[in-house]
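Order-wise, the sequence lines are chains P and X.
Under the working numbering, the first residue of the first sequence carries the number 1, and numbering increases by one thereafter.
Under the working numbering, the first residue of the second sequence carries the number 1001, and numbering increases by one thereafter.
I should point out that these hints are in silico values taken from the structure, not numbers from a laboratory.
Keep in mind it's a predicted model, so treat the numbers as computed, not measured.
Mixed in with the good hints, there may be bad ones.
[What the hints assert, rightly or not] DSSO-like, lysine-lysine: derived pairs with alpha carbons at most 30 Å apart:
| # | chain 1 | residue 1 | chain 2 | residue 2 |
| --- | --- | --- | --- | --- |
| 1 | X | K1005 | P | K117 |
| 2 | X | K1018 | P | K131 |
| 3 | P | K175 | P | K117 |
| 4 | P | K138 | X | K1002 |
| 5 | P | K138 | P | K175 |
| 6 | P | K131 | X | K1005 |
| 7 | P | K135 | X | K1082 |
| 8 | P | K223 | X | K1082 |
| 9 | P | K117 | P | K93 |
| 10 | P | K132 | X | K1002 |
| 11 | P | K263 | X | K1005 |
| 12 | X | K1082 | P | K131 |
| 13 | P | K117 | X | K1002 |
| 14 | X | K1005 | P | K132 |
| 15 | P | K297 | X | K1082 |
| 16 | P | K297 | P | K223 |
| 17 | X | K1002 | P | K131 |
| 18 | P | K93 | P | K131 |
| 19 | X | K1082 | P | K138 |
| 20 | P | K132 | X | K1018 |
| 21 | P | K93 | X | K1082 |
| 22 | P | K135 | X | K1005 |
| 23 | X | K1082 | P | K132 |
| 24 | X | K1082 | P | K117 |
| 25 | P | K93 | X | K1002 |
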Amino acid sequence: MPTTQSLGVRDVCKSFDAVHAVQGVSFEATPGEILGLLGPNGAGKTTTIRMIMGILRPDDGEIQFSFADSNPSVFRERVGYLPEERGLYNEAKVEDLLVYFAELKGVPRSEARRRAKDWIDRLDLSDWAGKKVDKLSKGMQQKVQFAAAVLHQPDLVILDEPFSGLDPVHQDLIKAFIHELRRDGMTILLSSHQMNRVEELCNRIFLIHRGKRVLYGDLMEIKESFGDHNVQLRFEGNSDSIRSMAGVSELSLQDGRADFVLKRGYDPADFVRDLPEGLRIRALHVDRPPLHDIFVKTIGGGTHEAA
Amino acid sequence: MKLRKVIRWEFRAAIASKQFLITTLLVPAIMAIVGLVIALAGEGSGGPSEPPPPFLIGFFLAVILFVGAFMSGVMAMYAIIKEKQSRVVELMLSSISAWELMAGKIIGLGLAGLVQVTAWCVTLVIGVNLIASFPLSSLTLVHWVTFPLYFILGYLLIASMFAAVGAAIKDVHSGGAIGLIGMIPYLPMISIAAIIENPTMLWLRIAQYFPPFTPSIMMLRIGALPAVTDGQEFVPLWEIATSLVTLALGVFLMMRFASKVFHIGMLMYGKSASFRELWKWGRQKTI
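Looking at chain P on its own, in the form it has when it is part of the complex:
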């Protein structure tokens, strides 16, 4: 458990009329960590985020920040937000818009302009600084929004689907920036349906379903608690030798490709040692079950509390 938390969400509830959107949710986040905020559509994710951002007031429970008191006009300057619903002022010029957003977060004008220019350079938007927002492509607008979320160097930033609509090159660019922000000690909440991105970036995850916490903790521990190693093997040779291996279950075999699960307690190192001779290995991948499977299994079935 983290010792120096920067964000503490405790027993927070929020209802809209008869809909209990969030029911007693608690979690923490620490500086320099990336916490994955996951959940299916309509699980209460956005409501939770809006409560942290001070847009909605919780019906019950509390949200605390170590870097600011709980007065919205104070902590709003120390948090950044990239909402899932993207939108900017279309008639405004890119640089002016970034300066405006930074000023609303309390950054003095001259400093805001300097940082806006800096981020425009880093995001490769120099040719567009003086153009109106509606002249930009969707991906470029997304980069502008990312800059708007972090320009004022907040202590806590919430990024909701930061990669959607970006090409792979720019996805990597944003990923590098996220890592950089984390190294600088920012607390980052990352919400995404792209499980591979969450696995790449997050130390810990928080999974919400029907307004309740269903999974929370260290990503590796959660994966381990979800059990057995998955193996993907590509090979040349006789497949019977694999079929006859003792620790292998849930085997699916087809032309040079074997997917299976190692039985509980069967160490991957032992498995590698036990691989049949005469089998030419093209590729071998051993891993805990991917987050994707954990997500589907948890949401589809019962609940599971780890760590």
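We have chain P; now place chain X onto it with these hints.
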């Protein structure tokens, strides 16, 4: 001060819009054409044109100020619907309160409206002076003091009403019955002739304290009364003072109501609110 930054931003955005340029130029153009027709008609009838009755300038000012408030109110509504559709609002509300955002929009657009109305008034004064020499001195101190006050407060009231409507509806086409709320302040204009003819009617002296009616009734009364009583009598000062106080109170309550509807309505995309929901939202606790 965040509010000042929002006001400056909204003011600039309003001034830079095509809509603003068109309405600023169009109204004086129409006035010029009407003035020209009147001037030509006057020449056709032979003798020197009759000087317009002295209450006309007050009356025209009232109408112009009112049209200005209406246009700015509609602009505020469009700005809010646009803000909702562009979905920038979530980002904004993570930086400032709904109150700051809405007050900033209304006041910023109001300043733009003032620039516009000033341009119209200057055109009008110049235009009238071309047709017939019409000394501004027929405007008394009461006009100079009260008209701007009624305009500013009336503007804020109308704009907050439009803002609430803008926040509650999905798009400009789904206003429905709710859109009619914005028309309430104009109801007294229906009986404009009666007000000018008899500005001391009892129902006027009661209705003038109902905030949505206050600006139009008072500006018409103050504009017309000196004419009727031959410049000897004005609307009693205590009536003016009381109506300004009730109007200011109305503005405060309407702005509070509007900012709540704004806050809650903004976050509910794709849905227009019913009257009942509006009322509920207005009383709901927000941050």
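Of the numbered hints stated previously, which ones are contradicted by the structure, given in increasing order?
-> 8, 11, 15
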